[in-house]
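Chemist: Build the full structure now, drawing on both the sequences and the hints.
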Amino acid sequence: AQSVTQLDSQVPVFEEAPVELRCNYSSSVSVYLFWYVQYPNQGLQLLLKYLSGSTLVKGINGFEAEFNKSQTSFHLRKPSVHISDTAEYFCAVTPGRDNYGQNFVFGPGTRLSVLP
Amino acid sequence: ETGVTQSPTHLIKTRGQQVTLRCSSQSGHNTVSWYQQALGQGPQFIFQYYREEENGRGNFPPRFSGLQFPNYSSELNVNALELDDSALYLCASSPGGPRPQNEQFFGPGTRLTVL
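So the sequences go chain by chain: A and B.
Quick note on our numbering: the first sequence kicks off at 10 and runs consecutively.
Quick note on our numbering: the second sequence kicks off at -5 and runs consecutively.
Calculated directly from the structure, the hints in this document are not laboratory data.
Hints may contain errors.
[As the list claims (entries may be wrong)] Derived pair list, reagent style SDA-like, types lysine to any residue, alpha-carbon separation capped at 25 Å:
1) A/Lys67 x B/Gly90
2) A/Lys58 x B/His23
3) A/Lys58 x B/Gly(-3)
4) A/Lys78 x A/Gly62
5) B/Lys7 x B/Ser80
[Said to hold, decoys possible] From chain B, some residues computed to sit far from chain A (all C-beta separations above 10 Å):
6) Pro2
7) Phe54
8) Pro55
9) Arg57
10) Phe63
11) Asn71
12) Asn73
13) Glu76
14) Asp78
[Said to hold, decoys possible] Some, not all, of what chain B presents toward chain A, calculated at C-beta under 7 Å:
15) Gln35
16) Phe39
17) Gly101
Just so you know, these numbers come straight off a predicted model, no measurement behind them.
Beta carbons are placed, not taken as given, at the ideal position from N, Cα and C, and that holds for glycine.
Modeler: What follows is the structure in structure tokens.
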């Protein structure tokens, strides 16, 4: 079974400052990793995903994440945040094999608040 | 291109009642998954449908059931509603079958309140 930990439930940051949202996972099999964003009263939108290859993954809206297998982490970063980045961010994991289907396990989420 | 749509937007039911939630997948997407998102928590996987059959299920009791229709739209049915069933129910569709690397596109959700 897989599990996801997002240690920071809330992260306040000033506009144009850098931000890092932390994600750690546990799994007995290889995994695919995802970051989703949820704006108020909306569904989830995919920011980026790691399947294989380069451990640094670039996504939409200037976000990037780095996969660290030894630390079982997949932290999300943005060098300069904007007010519009205020939202809930979810890290998710799924077994990296076709026969497991799309059984996504989501973390509890981190609320990013960008302050003017 | 129309995205994933869900109906109704909001719903209020009382304990013991039954509810049906509906999802129209994005055009061409043949796989549909349902998630329950309780307030302040991440989504939890309920089940997934592919080719009109259940293709995987999370840790939810049998009173949570579903259907997928030939046009790939889907329904989530919940019988004998409990207070803890109050949550946002999200539907997600993806193209190309239930492969884990395929992106899931989420609808805006149905907010269910059980009184």
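Chemist: With reference to the structure, classify each hint as holding or not holding.
Modeler: Against the structure, the hints:
1. A/Lys67 x B/Gly90: 23 Å, holds
2. A/Lys58 x B/His23: Judged against 25 Å, a Cα distance of about 19 Å means the pair holds.
3. A/Lys58 x B/Gly(-3): 20 Å, holds
4. A/Lys78 x A/Gly62: 12 Å, holds
5. B/Lys7 x B/Ser80: At roughly 9 Å apart (the allowed maximum being 25 Å), B/Ser80 and B/Lys7 satisfy the hint.
6. Pro2: 14 Å, holds
7. Phe54: It holds; B/Phe54 is separated from chain A by about 12 Å at its closest Cβ, greater than 10 Å.
8. Pro55: 17 Å, holds
9. Arg57: B/Arg57 clear of chain A: closest Cβ-Cβ about 20 Å, beyond 10 Å.
10. Phe63: Holds, since 19 Å exceeds 10 Å.
11. Asn71: Holds, because the least Cβ-Cβ distance between B/Asn71 and chain A comes to about 21 Å, which exceeds 10 Å.
12. Asn73: Fine: 23 Å to the nearest Cβ keeps B/Asn73 off the interface.
13. Glu76: At about 22 Å from chain A, B/Glu76 clears the 10 Å cut-off, so the statement holds.
14. Asp78: 17 Å, holds
15. Gln35: Because about 6 Å separates B/Gln35 from the closest Cβ in chain A, which is inside the 7 Å limit, the hint holds.
16. Phe39: 6 Å, holds
17. Gly101: 5 Å, holds
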